[in-house]
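J.: Residue numbers (our numbering), protein chains in the order written: chain G, 3 to 512; chain R, 751 to 1048.
These are computed hints drawn from the structure, not numbers from a lab. Keep in mind that the hints are not guaranteed to be accurate.
Across the chosen pairs, the derived CB separations fall in these ranges [as the list claims (entries may be wrong)]:
hint, chain 1, residue 1, chain 2, residue 2, range
1, R, 784, G, 453, 43 to 53 Å
2, G, 233, R, 836, 48 to 58 Å
3, G, 405, R, 808, 54 to 64 Å
Here's a subset of chain R near chain G, in silico, CB distances under 7 Å, partners left out [unchecked claim]:
hint, residue
4, 916
5, 929
6, 932
7, 938
Predicted model only: the values in this text are computed from it and were never measured. All C-beta atoms in this analysis are idealised placements derived from N, C-alpha and C, irrespective of residue type, glycine included.
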Amino acid sequence: MDSNLIEMRHMVKVYPPSVLALDDVSVEFRRGEIHSIVGENGAGKSTLMKVLYGLTHANSGEIWFKGKPVSFREPGEAIRAGIGMVHQEIVLIPEYTVWENIVLGVEPVNWLGKLDRRRARELVRQKIDEFQFNLDPDARVEEISVAARQKVEILTLLYRNVEVLILDEPTAVLTPQEIPQLFAELTRLRDGGHTILFISHRLEEVLELSDRITVMRKGKKVDTVDAASTNRQELARMMVGREVIFTTRRKPQTPGDPVLQVEHLTLREDHGRVRLDNLNFEVREGEIVGVAGVEGNGQFELVNTLMGIQRPTSGRILVRGRDITHCDILERRRMISFVPQDRGKMGASLTASVWENAIMTHHRLNPNLSGWRGILLNTRYAQQFTRQLIDAFSVVVSSPRATFRTLSGGNQQKVIVGRELMLQSDFVLLDQPTRGLDVGSMEYIHDQILRIRAEGRAVLMISADLEEIFLLSDRILVLYRGQLVGDLPVEQTTPQEVGALMLGGHRTSP
Amino acid sequence: MKILIGLINGMISGATPILLAALGGAYTFYAGVFNIAMEGMLLTGAFFAVLGSYYTGSWLVGILLAVLGALLLALIFILFAVILKTDEFVTGIALNLFAVGATTYMLRKIFSVKGVFSNAGIQPIPSVRIPLIENIPVVGEILSGQNLMVWVAVVATFLSYFLIFHTRFGLRLRAAGYNPARLDSSGVPSSRMRALSLLASGVLCGLGGAFLSLGYVNLFAENMSAGRGWISLAAIILVNGNPLGVALISLLFGFSDGLGLLLQGYRVSAQFTAMVPYVATLIALYFYAARKRQMKSA
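The following block holds chain G by itself, in its conformation from the complex (with noise of 0.2 Å):
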């Protein structure tokens, strides 16, 4: 009891008119542990932290804090009392140095008001030395790494001295290389006596560096249980409520005929650099081809040559046995359904109403959306078609006319993921159809994708989630510095394999 350094007890928290987030919570955070918050989007993980770091206010419940009844009205007493939050989304001043974006409110000053250079960025110096954070104080932020920034942040809090760190989806925003370093600096920060408050919903990750993890479910805490002591298993149905298969579903399917054709497709920057190396793959009816590669290896490109974004120096692409190399985007958009790797950018507008957004592409394609001489849209067939939508990929809304920012990202990507398959075409692009989704909105995911299988479509996935290649693909193509240095049916290769292809180019000998 005395070890409990947090103590949140009966947390209720409603946000109105009637979404019950925190539903009798009670949870103890020990000193000196990381301690995981695991949970769907919606289970009420970012909402717990929130209210201990008083971003936002409890219904009812209170929060001890070394023994003693606290209740932050805003963040600031919060970190002046030790507690600091590091949001998933990193609010730097690119044009800032770090140690500027680091001291910023607490500066060291001379009289007057001067500011003291030199003792600001001695102080930041020592706090990066004393963590090990392997960081150059008068870099300027924006010439610095995503992983580089949230160091920032972090140290921004640790330079006020907080003792209780609290991590809001961190990994979500750095690539896989860069999280073991990540991992590293926390669990050392963990051991000089800081107790670091997780958040995440990838299970391998919580697993692999926590102590103690806390399931959460609708509001309400599963359990909280050692992370020696379970397993991914355990914890995934702890958090859907149900088992989760992780093995692969798809069932033994003979492809048709080719699909889309990809012929020495090469697409060389102005500078000369190499960005497609002479692709040269089909994708058949009833297939999938997932593409793994090392992020920046010619995934991006290659999306963009196939849907007419960035045109390709020489090559041809071929859907159906159509050249569609000069076609322009919307040409394009009759044969292939396209589900863009950055929802918020390219996939939807966030700030449209989720109708808006279900309409997308359909209201040039589709005649029954155009009204009055397709010069007015008819919106009564929208509403309709939205309803179907929603019915159809499960989708989670209030209303269709809801503007698509208030839905979680797995209703997000289920709108976006149902626009493009309703548009029923031959071809199927996924670019990462599954980032950022908690495991019941993946798997929902996944059943889509092999659903559109087993009617004969055929699909290109990209994605780096290695995991999600080997579930889904029937044949995977491994890029490596724009150049296909693999095309392997999933039956003959292994992780290994692929992976080490990702890395060197190299097959390993067996």
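Mind docking chain R on chain G? Use the hints.
T.: Only chain R this time, still in chain G's reference frame:
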């Protein structure tokens, strides 16, 4: 030589009101406030300067009232754009129109004149004679005998530079413009910095206005700011708010102002000479745009 000295002196007094207004606008520029109310603040300052100076016989009271008058506009701006979060552009337009209407109305009500109020009772801001230096040929004729407000503007330039780039206040001020969310999360309300920047701009525009009606000339005329607030906005945008750059650009505009006056002496009609500062603004904007495009393509 006489012409050259006259031109330089014309340039300095032409530059001073623009410089003071632009320095004021620099604070709001860095704090991320789209402040276009400098024009209105200048005009209000000019009116209250004459009011104070005429009724009390003291130019110092005139300056004080000018600052208070411009601060009043700044406070209205803060109330609407910072506290009630109305659109800054619309607020600025409204304040500029309000300033023209209000000063014209008060001119007619208080002084019972139309157009121009000029009176021997208006005490001008004195000039500063510098002993010894004034005896040096050319340099002395420029340095000595300048209006007090010219020196105030010089001091304000370096002070603003120091405040914006070397103090805690400046770090927070610029942070409010770059990324207010970051400043808020570091415990300093960004709205406070925006309000402070508007107050600074009120004080400086008030001084600029006082110079217009008690230094540049010694009278108040309807709409006498004549676009100087807008030119100061152009100056700020051209140099991204840097006070030293603002000073240089202001001198450039001041030069065109002086040139206009000089040309009038050569019987170029006044309508054309009055155009010079605005034509100079357009030319400056052209070169700015051209340079920017070059930088982009490089």
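J.: Would you list, in rising numerical order, the hints stated earlier that this structure does not obey?
T.: No hint contradicted; all consistent.
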